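Asks: Guided by the hints, dock chain B onto chain A, whose structure is given.
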Amino acid sequence: MQKENQDYAVTSDNEQQRKKVLLMATVPIGLLLNHAMGILTLYLKLPLYLDNIGMFLVTILVGVPAGVITGILSSLLGGLLINPVIPYYTASPIALALVAGWMAKKGYFRSIPRAIVTGILLGLVGATCNAPLVILFSGFTGTCTDATTALLLANGQSLFTSAFFANFVNDPFDKIIQCLLVVWMIRGFPKKLQIRFANSGYLMRNLIK
Amino acid sequence: MNLFASPPSLYRGLACFIGLFGTFMANRLPLLLGGLLIVLVIMGIQGKLREFARFGLTVLLHIGGALIVIWGFVRKSGPNGEHSPEDGVLFAVLTILRLALLGAIFLVTVLTLSPDRLSHLLHTFGIRGWALAGVISYLNLWSDFRRNIKQIYASRCARRLMPDRSFATRLRQMPYTLRTLFISSPMYSLDRAQTWESGGLIHRLERLDKRTSATEDSFQLSGILLLALATGWAITTTVYFFKSE
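Heads up: the sequence lines are chains A and B, in that order.
1 is the number of the first residue of the first sequence in the numbering used here; add one for each residue after it.
1 is the number of the first residue of the second sequence in the numbering used here; add one for each residue after it.
This is chain A alone, in the form it adopts within the complex (with noise of 0.2 Å):
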């Protein structure tokens, strides 16, 4: 029976040991693609975002508190590396996590079909989480939304209506994007890699057999 416990003991420490060491690793990783691609779309002026692909692979490949954690601290290192405004859109990446979370437990980042429907629900949610804040900076944040923001300011549409709509019209094609590219990346996974995750997060249910 105290055999029976020490080995139960051991294989747990294994357990949370190996979570540790799987999200050690992911987490820089989804950092690092955050940031990559904000930056890119920051100076090349592209009219996406892209800044949420690393949070989202994450969240497939170790679960949803990790894809949670990613997305807070991507957008507190955004603000000092990227844009200052950044750390006010916290919320929303929280919020995104736990839908691509739910998503990625269905198996909606199998197929190209399924990303763009994970795309088009995260989309709207993250625009109803982004909108007041870009009223908070005046319709402008830098970002990819300002030129419809403008857009729609020109034609004597309120600040309200003009961030908001700008919002629900960018966000889905962010979206899709980095779903699309997401289920790309992980149909590119080694086999020696996808073994790694295997029982960690929702990365086999992802996956075409």
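Derived by calculation from the structure, the hints in this document are not laboratory data.
As the structure is a computational prediction, the values presented were derived from the model and not from experiment.
Among the clues, some could well be false.
DEER-style ranges, computed between Cβ atoms [claimed, not checked]:
1. Ile39(A) <-> Ser166(B): 31 to 37 Å
2. Thr128(A) <-> Arg179(B): 30 to 36 Å
3. Lys192(A) <-> Ala168(B): 30 to 36 Å
Beta carbons are placed, not taken as given, at the ideal position from N, Cα and C, and that holds for glycine.
Replies: Only chain B this time, still in chain A's reference frame:
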């Protein structure tokens, strides 16, 4: 004595939060201009003006231009229905100044930290253990990322999949580079994390942190001064905010 050279991490963090709160409450042009001027002076002492100029050129300039054109010349009114182009321009200028101050406060309080102090600051605010290791790992990953990109180009050149290394060729090769990079990075990262875990990095990190806080050579006075300035700023802007309400 350089007063703003190395305030303690905790004071920096608190000053940053209080300063940001004050900036959001500031709704008058002279207040924002005064605040920015003070932060610019501190930045000058810290030698961080060049970084701020870069932020101004890459982020503020085009946002500012767009804001002034839209609110001052297209809408010709403020967001609350004031019907004059001057009100529109004033609103745009207020927003730009607020954004400039947000960036400047981050720069003065947090971005002047050395990497070991940054770990101390994060530790102070509750980011510990593997999460702290993750952040530190992330800060060091950029150089790995650049090295990996070079390796990918070298291997593609060697396999004659890339004719030369000109900018145009590298741009055309981007999809292949990114995929290889994104797929190989988790692999490297997993191996690294395993090495760290087996080498007891987290425990060492805790020890390093204790040592950093114990031997912190920062000037307590500079921290108090920074905190006092931030608090003064927040109180002033809050008073004016409620006065104008």
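Asks: For the range 30 to 36 Å, tell me whether the beta carbons of Lys192(A) and Ala168(B) fit it or not.
Replies: holds (35 Å)
Asks: Evaluate the given range 31 to 37 Å for the C-beta pair formed by Ile39(A) and Ser166(B).
Replies: violated (22 Å)
Asks: Given a hint of 30 to 36 Å, does the C-beta separation of Thr128(A) and Arg179(B) actually sit inside it?
Replies: holds (32 Å)
In summary, the one numbered hint that this structure violates is 1.
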